[in-house]
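Colleague: With chain L's structure known, arrange chain Z on it following the hints.
Chains L and Z supply the protein sequences, listed in that same order. Take 0 as the starting number for the first sequence in numbering that gives the first Met the number 0 and just add one per residue. Take 0 as the starting number for the second sequence in numbering that gives the first Met the number 0 and just add one per residue.
Calculated from the structure, these hints are not laboratory results. There is no bait here: all hints are sound.
DEER-style ranges, computed between Cβ atoms: (1) L/Glu434 to Z/Arg174: 33 to 43 Å; (2) Z/Asn179 to L/Glu108: 16 to 26 Å; (3) L/Leu63 to Z/Ser170: 50 to 60 Å; (4) Z/Arg33 to L/Ser39: 55 to 65 Å; (5) L/Thr23 to Z/Gly60: 40 to 50 Å; (6) L/Thr23 to Z/Val269: 14 to 24 Å; (7) L/Leu174 to Z/Met119: 36 to 46 Å; (8) L/Asp303 to Z/Met119: 18 to 28 Å; (9) L/Asn91 to Z/Arg33: 47 to 57 Å; (10) Z/Arg174 to L/Thr23: 32 to 42 Å; (11) L/Gly76 to Z/Ile6: 54 to 64 Å.
DSS-like mimics (lysine-lysine), calculated; alpha carbons at most 30 Å apart, straight line: (12) L/Lys350 to L/Lys306; (13) L/Lys460 to Z/Lys88; (14) L/Lys460 to Z/Lys91.
The C-beta atom is built at its ideal place from N, Cα and C for all residues, glycine as well.
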Amino acid sequence: MYQNLKKKISIFFQSRKLAIVLITLIILLSIIGTHIPQESQLKPDVYNTWKTNHPVEAQIYETLGLTYLFSSAIFYGTVLLLFINTIFCTKNMLGNALRRLIGHFQKKEFISRLENSTVIQTSKEKNEIISLITSEMRTLGYKVSQEKNFIRAEKNKLGILGTSIFHLCILFIILSALYGSIGRMEGDMRLTEGQTLSEDHGNYMYINEGPLFFDNHQKFDITLEKFYPDYYDESNTQRGAAGKLSLKIDGEVAATDIVYSNHLMTYGGYTFLGNVYGMAPLLILRNEDGSVISGSYVTASDNDDSKRYVAMFDIGDTGLEGGLMVYMTANLTSGNIAEGDVEQTPVLFLKIFDRGTEIFDGKLGLNDAVQIGDKYLVFSDVKYWSNFYVVKDDGTLLVYAGFGLITLSLTIMFFIIPKRLWVEIVSDENARRTEIYIGGRAERFSSLYEEEYCSLIDHIKERLSNGTN
Amino acid sequence: MGQIDHILYLAATTLYGLSSIIYIYCFVFRKEERISYAYYGALAGLLFHSVSIALRWIESGHGPYVNMYEVLSKYAWFCVVIFLLAQQKYPKIKSAGFAVMPVTFLIMGFGMTYSRDVVMEPTSLHSYWLIAHVVFANLAFGSILVAVGIAALYILKDRRLNKKEKTDDDSFYDRLPTLNVMDDLMYRFVASGLLFLTIMITTGAIWANQTWGRYWGWDPTETWSLVTWFMYGLCLHLRMNAGWSGRRIAWFIIFSVIILAFSMFGIGYVYSGLHTDYLTS
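Pulled out of the complex, with its shape left as it was, chain L reads as follows (with noise of 0.2 Å):
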């Protein structure tokens, strides 16, 4: 009973009508996947926008787990049920693409049978023919076996296994992004100029580790040496955005760059993007004898593309809360025009509240101070900050590598054809005649093979009746 079973799940498994069921069926799920709005995608905001706009939708989608799609037990059970039926079709595929590199002779009832077969009449002598046929094969790219009369020719050997090796990548694909996936780690840490950080959980602002990655922490130091809104490189190309990273392990640098769009840094399995950035206005909380309190530097953010930097932060222990707005009235760096070269002015609009209560409502420049009961706030410096979003996928390069084999796995089936040619030479004595039966088979684009087996038969036949070489 139990062999049994293990025979229905062997056939169900390699059927091929099963991998075209459930490739239809990822087809249908992705297209849906794009359709309903993905939680993951979205910004919280822009989802929970269209979960008030949508609500009965929302919770039916919600509930079949449609939100989440891509991440979903459905959408996961169909792929691992085609991985599942790929590695039975692959071991199959495999099994037979090995079979057939070993070539065999044919004799004249097989090569007759095939679609491109020839016999040709002559009454020149055997080893003359075996001769004559082999050159001309030879001259066509052909390696040529002989044995008695029987000849073997193929070429393009190597096709016989681009269809299995295509299946085993997409088998390592889907491995290497689950595996890159359970060991992952990205999370986003935001730096102010000069400020370092060390790589630990609890100095990301938000971090999502996979299952296996066991919070395995490097705990180096990363330094944002220098932040530039408007970078150009070397040779003057614009970059926007780009902020000098330094890494360092026991105080001793490990690795630096300019990090900006499309020019990641990577250290360790680590990679470092450079995405949003702010002004950071440094305000400090003195007393009356100029003693500080407590003083930090705000992180503003720029949420309407104005250049005008925004934050709400709470001034100290005082119970106040403030709100302020800082911009440059011009670029505070540049890699193209030089920091003296332009004034460059910062310009503080500060609100403070009372619960709720505004209380103070000015403008302050560089150094200016406000004066809240017996106590003075001061904009003594102001930087910009940048959010640094830092992955390590060890999975990635194995994906890559995933997609290249591929590739070169897709070129090998369809573009390197395994082509074959058998010869039976029959040689009737008494009647000094002989036949030769030629036949020849490509694996594909059968009909696009006759032009180049036509060919070869007009070639040896010209050469059979000419005698010449």
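Modeller: For chain Z alone, coordinates are given in the frame of chain L:
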């Protein structure tokens, strides 16, 4: 220079239009002997088109992939190049121009509805991977468009052969390749298309990883490119393993080009995403 490149673009569009008319005329009225006019029309159009693209490239300082006018122009250019090369290799399929050239003409015409203003290349597009990505996308589209043209010829010839009575049209159909050869040619061009789609997805994944930190993110454009890849994978699977060939596969190829065209041109109008926002804005 901006005016000259547009005048050349208009000249190319006109020549493609004329070439399309001649191809259709030759096909409808079975005048195969006149088809060389269509070929030379397309060739002349390609010459003007190439110079137009080159001038715009010099003027803008970036390749033709930043706005829709450039993108569509480039797609049309690749379609004509691939079709003319295919004709050189397989002269008997030249009648497929009745399907390929009108599509190319429409792409050019559609391109004219977009702004011709030279747009600065966004910094996210500064990548050699992007160039490879768009070139292979165009090669894939061109190859599959030629497969569609052959598929259309296949269906028409098959229909004619199934009719018992002989007509004057038969000589025209006799000059087309045999059904078996057309079947293999469709198969070959779809296989080339799948190979190019694979390279397009690979280079796109590498570019995405450099720009966004992940090689795959189920963005609508990415998902539709995967759908298209599976579609043509399925097409070849059906051809190789399920005995689908001839008429059935020809219809499959004709219908699946709608999915391909949507994934290459239509997504920006339906979805918003990382790939499409700058093109349709």
